[in-house]
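Residue numbers (this note's numbering), protein chains in the order written: chain A, 1 to 314; chain B, 1 to 314; chain C, 1 to 314.
Fair warning: there could be bad hints in the mix.
[What the hints assert, rightly or not] Listed below are the simulated SDA-like cross-link pairs for lysine to any residue, each with C-alpha atoms no more than 20 angstroms apart in a straight line:
hint : chain 1 : residue 1 : chain 2 : residue 2
1    : A       : K189      : A       : R201
2    : B       : K51       : C       : V79
3    : C       : K51       : A       : Q37
4    : C       : K51       : B       : A45
5    : B       : K51       : A       : R201
6    : C       : K51       : B       : L44
7    : C       : K51       : B       : D42
Derived from the structure by calculation, the hints contain no laboratory data.
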Amino acid sequence: MTTTLQSGHRFQHVLDARQFTRDWLEQVLFPRALELQQTAVDRLAHPLAGKRLFYLFYEPSTRTRVSFEMAATLLGATVHGIDTQDEQVRSERLEDRIRILNAYPFDFLLLRYHLEGGASRAAAVSSVPVINAGDGVGQHPTQALLDVYTLWRELGRLDRLRVALVGDLSYQRTTNSLAYMLGLFSDLKIYLVAPQLLRMREEVKQHLVRSGADIEEVRDLGAIAADLDVVYLTRAHSERLDHAQRFEGETGKYAVDEDVLAALPAVARILHPLPRGPELPPELDLDPRVACFRQAANGLYVRMALLTLLAGGD
Amino acid sequence: MTTTLQSGHRFQHVLDARQFTRDWLEQVLFPRALELQQTAVDRLAHPLAGKRLFYLFYEPSTRTRVSFEMAATLLGATVHGIDTQDEQVRSERLEDRIRILNAYPFDFLLLRYHLEGGASRAAAVSSVPVINAGDGVGQHPTQALLDVYTLWRELGRLDRLRVALVGDLSYQRTTNSLAYMLGLFSDLKIYLVAPQLLRMREEVKQHLVRSGADIEEVRDLGAIAADLDVVYLTRAHSERLDHAQRFEGETGKYAVDEDVLAALPAVARILHPLPRGPELPPELDLDPRVACFRQAANGLYVRMALLTLLAGGD
Amino acid sequence: MTTTLQSGHRFQHVLDARQFTRDWLEQVLFPRALELQQTAVDRLAHPLAGKRLFYLFYEPSTRTRVSFEMAATLLGATVHGIDTQDEQVRSERLEDRIRILNAYPFDFLLLRYHLEGGASRAAAVSSVPVINAGDGVGQHPTQALLDVYTLWRELGRLDRLRVALVGDLSYQRTTNSLAYMLGLFSDLKIYLVAPQLLRMREEVKQHLVRSGADIEEVRDLGAIAADLDVVYLTRAHSERLDHAQRFEGETGKYAVDEDVLAALPAVARILHPLPRGPELPPELDLDPRVACFRQAANGLYVRMALLTLLAGGD
């Protein structure tokens with residue numbers, strides 16, 4: 001099973017949500033993550049003892065970096081890295097930096113890059129596995145892994161779901177990767193709830209269509225709430241969404257409020273990659289359908305599982 | 001004794017200098033710190049082995065962060081953290097971030113926040129002890145702990161002291177916390193040596209008055225130097241102090257110089273939380289009454305002691 | 001041999017390329033580095049176990065910091081540090097910061113400072129070895145150590161070399177330190193290939209002259225390429241070099257291209273401290289004479305060797 005991740009390489013990179021198969025998710029990754037999640041921290045084995053992860057972050061990240069750092073550490077690895085937005089550092093050639101890092105004995109390179117395609121460029125020259133921790137407006141595949149793991153845990157299935165992806169979908173690596181991942185499953189109804197000017201990229205939408213999903217673009221979350229299993233909110237890039245709403249007569253609804261909650265089925269779940277903006281008021285957190293903190297917690301175990309699989313464990 | 005720190009919680013937060021009792025300081029914290037200070041580093045036990053401290057710093061800190069990092073490390077704990085002033089990170093809801101961190105197996109959260117009240121907000125949602133490492137213009141209780149420990153070490157007593165708090169006292173979390181802490185002791189004479197416009201907050205002053213201290217506001221350190229046991233200098237927020245002195249006819253004296261040293265009793269001590277400005281010229285460092293580097297060194301042991309107490313050791 | 005590094009101190013600082021002797025390089029440092037380089041990472045001994053390195057970086061660094069961090073870690077030491085360009089931190093007195101750090105049990109202080117002379121100022125007050133990781137436009141001695149180690153590895157000798165130092169040589173701590181180091185060797189021909197306004201400092205040039213090197217200042221790398229054993233490129237500080245070239249009629253050639261490569265002897269080597277600019281196009285990387293990535297890799301072993309020597313191992 002693991003071989004589906006290897007895609008012909010001597011080792012495996014994690015670059016793109018499209019590289020995974022349904023079987024690998026359901027039969028390899030999820031059970032491994034679940035097993036880790038059900039193990040007390042002080043009873044975890046250290047399958048990564050002697051391994052070293054290096055993180056190279058060109059954009060600020062706190063959740064993803066800390067999540068991977070803890071995942072690696074709890075499994076026995078050591079973690080080093082650079083976290084910078086320094087313009088001088090950014091101006092250096094990414095490939096050069098990767099080649100220099102390859103001179104050190106690192107076993108994983110975790111890369112967040114500010115431009116789409118960064119992870120692929122790094123993988124093209126790296127002698128160790130590169131993990132894409134976000135590449136500009138491209139993808140964020142490990143976020144998508146924890147998102148689908150969360151749906152699997154919360155709802156018990158990934159087929160036959162009615163999902164709303166909500167907000168500014170035009171420059172969202174999170175929803176790009178999630179949409180690609182959802183394409184692996186069957187009988188999906190996917191509502192794209194975004195302003196006219198901030199719609200999902202055509203190529204991502206076409207991927208979903210080709211994979212058999214039933215896509216519908218709407219502009220009011222409230223109008224479809226009663227039909228949903230999943231609300232996947234994204235943080236409004238406030239400038240652009242504000243602009244759309246204020247100056248372009250955009251009157252859609254891209255937030256959860258009491259009315260949406262009232263309409264939403266009792267078994268539905270609200271996910272959010274965090275950090276949140278006004279689209280998910282904290283007053284609603286007590287509603288058990290708001291799953292975003294359980295989702296964040298799941299990230300640790302999904303990343304632990306992923307690292308053990310990349311390291312060749314079985 | 002330890003229970004006075006617990007204040008009814010299942011565990012203990014360190015949020016406010018007012019939470020400590022005199023007995024706890026003198027009978028629990030100080031002896032513990034002294035014992036650690038008198039132990040060779042390579043003979044230290046590792047009572048925090050397997051524990052993890054996470055620091056979350058929204059303002060630059062170097063002394064406090066390094067001091068806690070070393071304190072935790074030398075006792076066997078591991079340290080992870082985020083050190084950022086990034087506006088995007090700051091704009092995220094503090095409570096959300098704490099809840100996400102609670103999903104990881106951290107045993108202590110060390111928080112420096114840029115706004116007053118940050119530590120209390122964090123403690124309200126945290127499932128592990130929060131340590132206030134400075135919250136805007138609020139408090140900095142662990143600085144105050146090392147300050148009083150230093151006085152105890154240097155002078156042998158905390159009662160019957162004549163103390164000058166010097167400089168811009170209006171927005172100083174350091175002097176706020178120290179003043180609250182001094183309120184625990186008896187027969188104190190406290191001079192507040194600050195410009196008219198940069199006086200200590202009324203609420204802090206009232207706390208000292210209610211605790212029985214004899215307060216006097218003056219504007220010339222030189223005039224009272226001969227009467228002092230302790231000069232506690234603070235770094236002038238130069239813009240504000242400069243403004244007061246240049247444009248408002250403020251002619252007070254808020255610095256130590258040769259004249260102040262000449263007047264100061266031989267047994268007196270000069271403390272400074274560092275970093276310093278012109279209020280303490282380096283040329284005077286050889287004077288044994290200048291205790292600020294011993295004070296900084298004490299911080300390591302006070303924080304080690306505090307961590308062992310928070311961890312429930314005895 | 002090691003004593004030549006000690007220069008009368010109880011311990012050793014690494015401050016200036018001029019502090020080393022030829023014998024120490026060839027008989028102590030290089031063999032130690034080579035031995036480490038030929039040892040598999042997982043078979044390295046841990047001679048620095050229980051030691052602690054603190055890095056204090058006032059300028060962004062990624063290569064040097066990571067290189068030292070890995071060197072220390074692979075030998076068993078632990079690493080802590082501060083990496084900041086924060087103006088408030090920079091405004092603090094360097095000597096104060098070092099004295100505070102001396103209160104913690106660190107065994108090495110690795111300092112990158114934004115102003116020339118920083119490392120010496122730190123060493124003047126430090127109670128543990130200070131390693132200069134770059135002090136403004138001053139020196140970068142450990143870069144020079146890895147540079148000459150690279151020449152020794154690549155060419156088998158350090159005497160009788162024809163070396164071109166290329167680019168803006170006026171504010172280059174890298175070429176300053178390398179020039180001082182080359183002064184230890186015999187029968188050198190050194191071309192200084194720089195625009196009129198960006199020539200090497202007079203004091204560095206005079207050092208080379210006094211050490212017996214044959215110096216020649218030229219302005220076209222192409223014209224001398226056929227006569228070279230070593231091309232040492234530096235990143236053009238683009239603003240200044242651009243200005244010189246565009247507005248001052250400067251028409252020199254300070255870059256490698258196909259023509260330079262064609263003229264360069266087959267046994268020559270091209271070094272570059274990285275990061276690079278247009279002076280070394282990536283298309284040329286496949287040429288085996290381009291040694292800059294091997295040079296970067298060597299840095300790890302030279303720094304490991306240096307740390308073991310500073311720690312007094314033999």
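Evaluated hints:
1. Using a Cα cut-off of 20 angstroms, the hinted pair K189(A) and R201(A) holds, with the two alpha carbons roughly 18 angstroms apart.
2. A threshold of 20 angstroms between alpha carbons decides the hint, and for K51(B) with V79(C) the separation of about 18 angstroms falls inside it, so the pair holds.
3. As the CA atoms of K51(C) and Q37(A) are separated by approximately 35 angstroms, the hinted pair breaks the 20 angstroms bound.
4. Only pairs whose Cα atoms come within 20 angstroms are accepted, and K51(C) paired with A45(B) is accepted, the gap being roughly 17 angstroms.
5. Between the alpha carbons of K51(B) and R201(A) the distance comes to roughly 45 angstroms, so the proposed pair goes past 20 angstroms and is violated.
6. Our distance criterion of 20 angstroms between C-alpha atoms is met by K51(C) and L44(B), whose separation comes to about 15 angstroms.
7. For the hint linking K51(C) to D42(B), the alpha-carbon distance of about 10 angstroms falls within 20 angstroms, and the restraint holds.
When the structure is compared with the earlier hints, violations turn up for hints 3 and 5 and for no others.
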